[in-house]
Amino acid sequence: MKRRDFMKAVATGSTIPVVSNFVTTPAEAATYSVGVVGGGMAGATAAKYLRYWASKLGLSVTVTIFEPNANYISNIKSNEVLVATDPLKAISGLTFKYDNLKTKYGVTVTKAVISRVDPNTGEIFTIVNNAETSKGKFDAVILAAGIDFEYGDISIENKTAIKNEIAVPHAWQAGPIGEQLTALRSQLRNLTDGKEVVISIPLSPYRCPPGPYERACVIADWLKRYKPKSRVTVFDANPDIQAEKPVFEYAFNTVHAGYIRYVPNMHVRKVVVSDSKTKLVTPFIWQNGAWVEQTTITAEVANIIPPMKAPPIVLKTLAGNLDASGRWAKISEQTYQSAGFSKIFVIGDGISSKQPKAGHIGNQEAKVCADAILRRFMGVTPYPTPVTNSACFTPITTTEGFTRTATASWLTALYRYNTTTSTVDHVAPSPVGGVGPAWPVSGKPSKGLYSDMNKWFKTLMEDTFA
Amino acid sequence: MKRALVFSGMAFLLCGSASLAQTIDATKAANGRILASNCTQCHSTNGQSRSNGFDSLAGKSYSELKKELLEMKAKTSVGGEADEEIMIVHAKAYTADEIDLIAYYLSLR
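In order, the protein sequences belong to chains A and B.
136 is the number that the working numbering gives to position 136 of the first sequence; each next residue is one higher, with no gaps.
105 is the number that the working numbering gives to position 105 of the second sequence; each next residue is one higher, with no gaps.
The hints are simulated quantities; they were obtained by calculation from the structure and are not laboratory data.
Since the structure is predicted, the reported quantities are computational estimates derived from the model, not experimental observations.
Ideal Cβ positions, reconstructed from N, Cα and C, are used throughout, including at glycine.
Any given hint might turn out to be false.
[What the hints assert, rightly or not] Derived, one-sided and incomplete: chain B residues facing chain A with beta-carbon distance under 7 angstroms:
1. Ala30
2. Arg33
3. Leu35
4. Thr40
5. Gln41
6. Ser44
7. Asn46
8. Gln48
9. Gly53
10. Ser56
11. Ser61
12. Tyr62
13. Ile86
14. Val89
15. Ala93
16. Ala96
Bound-form chain B, shown alone (with noise of 0.2 angstroms):
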């Protein structure tokens, strides 16, 4: 997949079909690092766990993690696994405009 850059509204297409491309908002990308730094604690500095660890984040889609981060924040009532709980805890303390960069940038690990 061909993919391409975009920085201050520009955006530079890479060859291929425009159907097919994508583009990288890179301040975007900057910002959403330092914000999920956050995440790599439990989740690994690469992102991929190890086999009996938290689950790893490496290779999922930005619409995928933004859809499970909002659903965090958004759950009115305690339930679930502890984990899952502590996990609520930090999304509900994220602005939505701070989940959409952190999952923008974990999609691009």
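Extracted from the complex, chain A is given alone in its bound form (with noise of 0.2 angstroms):
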């Protein structure tokens, strides 16, 4: 299909009658097939903007998702999980299945486990009884395969019979089956009123939501209520909150004073596990090129939030096509393409960028590839600066039974690809003529604010899954 004739298929792709000779489009033999590795918040868009728009294009495209699980649970309003009164019920209110994306948009979606992709060939392999077996081989492969964790030199000694995971729960991956949320939750409710809650948060970049501020305000609000003597201790190995500074100071000292307290530049290196209910977790700082211990603080909870990286899955895919750190894709973020392997493409959390690692940015990227995937099977040159916005709703207060008083708050950026610096630039928003007040970038915690949090994530999630 020529450049004119895709142009031509976007406008008519309207609901605007046209004649339908009008410009005559010669009939496409071609079928293009796009294999997606991972059925999350990114890989589910891009599945189904590629459908969705490839129909309106006239345009053969067959799409299949590969995801091992049967269905998608939200890291968005995760938190609210932690602090639920039937969390079963939590859980399935953030669970989205994708029989919308096979019924209404024609997607394959095929469960496995993928063990490996050539980058050459864009063949997708999953291993059967032992051996590799080929799922196909596509036009084009998009990894969205979110995170991985890498827990490298967190040292955790533990002394009882249950697993690392339940003991020092990260509750970060809210599928498949929200063990883990359910396992702090549980920590949670049976915490002894004035012991103590510790939350470790590893260096950026790391994947938010949920968001490891949001968390404590979220566990700060609860215990308030249910156990008035404990407080939230955060350990961040971060320099300084990494998100809404001014909203999570304003809730740390005023709207939750005395439950958090936030401690910066602590990195959590070492967890004793004793028993079910005492945790020693040691933070340590980074001084004059060496470790220095900090005191331990005996908990009850232990959430540790490992650092992270992108999954292996993308890790030896693209490799020596990877960022300095080794961590993260290193893609076009015009395309999303890799530069190495031009069948490959990576959107969501795996990628090396200045956006951030969350759901509705992903659902963003995941359309700005599947633009750029179907102007290149049609020959047609990118965007060339194509826009991504991360918004993304906070909830302060939130506690279950008292939704009278839940609060939430907001943060909002937008990026645009830069063409001579083959970045995006982060687009600041300032007052015409650059003067007036500055203009924010998040706002105070509110009501109004919790309402529309709840109505952004049921639009987002109807535009990724439904």
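Reassemble the complex: the two chains are provided individually, in unrelated frames, and hints are given to aid placement.
As structure tokens, this is what we get:
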């Protein structure tokens, strides 16, 4: 299909009637195929929009999602599971099926763990009965596999029979069954009033949501009502609050004053689980080129969130095409295509980027990538300066049964691809003419924003899965 | 109403009187689509919001959408409802040309 026809097809894909023989489009015999590894926010959106837009273009594109889990459980809003009266109901409210992608958009969803992707041929493999088996060769492969955890030099000495994931859960991955979320929730329920809760935050970049500062707020709000003598200590490996700083300073110092102790530059590197209710958490600071041990805290609940990196399938497939840290995929943020492998695209949390690692912006990266792939199939150059946006609502107080006082804040940021620097710029809003007050990038927590948060969540998930 | 396509500066007018004819710039529509896909996260995939959601964008005219977005972009003080503030921040980040493309594409829905 020629460039002219692509542009025409986009226009005629609208509901506006046009005469069918107006510009003749030769019948396009080719069928293109896209394999999507991972059915989370980014992968599901890419699959949906590839099919949705291709149908409007009159282009034949088959799309297959490879996903090991039957459903997607949202990380957005997952902190609310920690304080939910009925955790299963809360998790079910965060669970999304692939049915609409299949029936409304004709996406094929295949339950499989992908063991290897050939970056040159676009062939995707899985392991069946210990043997590598091909799941097909694709014209484009999108890796949208989320994140992986790296405990690295966090030593966990566990003297109990409870497995580490349950004893000191990260609760950072809602799927596949919300096991760690419910484990952390149970520990909070069983907390002896007056005992300590510790949250440790890894160095950026990490996936957010669930937001760590949001989590501190949600837990503090719950403690205030049910365990009023307890408090949360937040050990942050970062030198400062990483997002919505004015909002969280206000939340920590005013809304939840006395319930949250925030300590920056603290790397939790040692945890001893003495028994199910005793966790010795030792933070370190990096000083004069060495780790210096700080005072150990005895906590009953220790939520240890480890550092993150792109998942093995991304690191393996793009070997030699990673960022300097070797943890994230280096791709073009104009198209999300790998520089080294023209058939491979990476979207969402696994990329090296100024863009945050979040479901909302993953949804938008997916659309930019889908558009670039469709244009490529049609021999059209990519849109030069795509824009993505990050928007996030954050519950600050949320405790069930007290919804009249539930509040949330918001954060938003836009990113535009810069063809000169070949990276994205964070586009800060500024008043026209450069005068006037500084524009906020986040809003003070309010009741109205709490209801907006739920509106946003509903529509975002519909834009992704429905 | 009869509409027509414009591409590469060429206007193809469909039958009907010239005074009623509207034109569609296909390049603008294609480029507007990728930018306007930012809107669907809150305003839904087809632009028609559910009953208690954020504003519907479907059915609004090009000039109406463009005027609203440019007004938001031009605001010089913070105020109003929170969801309006978020839209203002969004509108400020887009260039006037991008707003034109977004409004153009959305008006075709």
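- Out of the numbered hints, which ones does the structure contradict? 7, 8, 10, 11, 12 and 16
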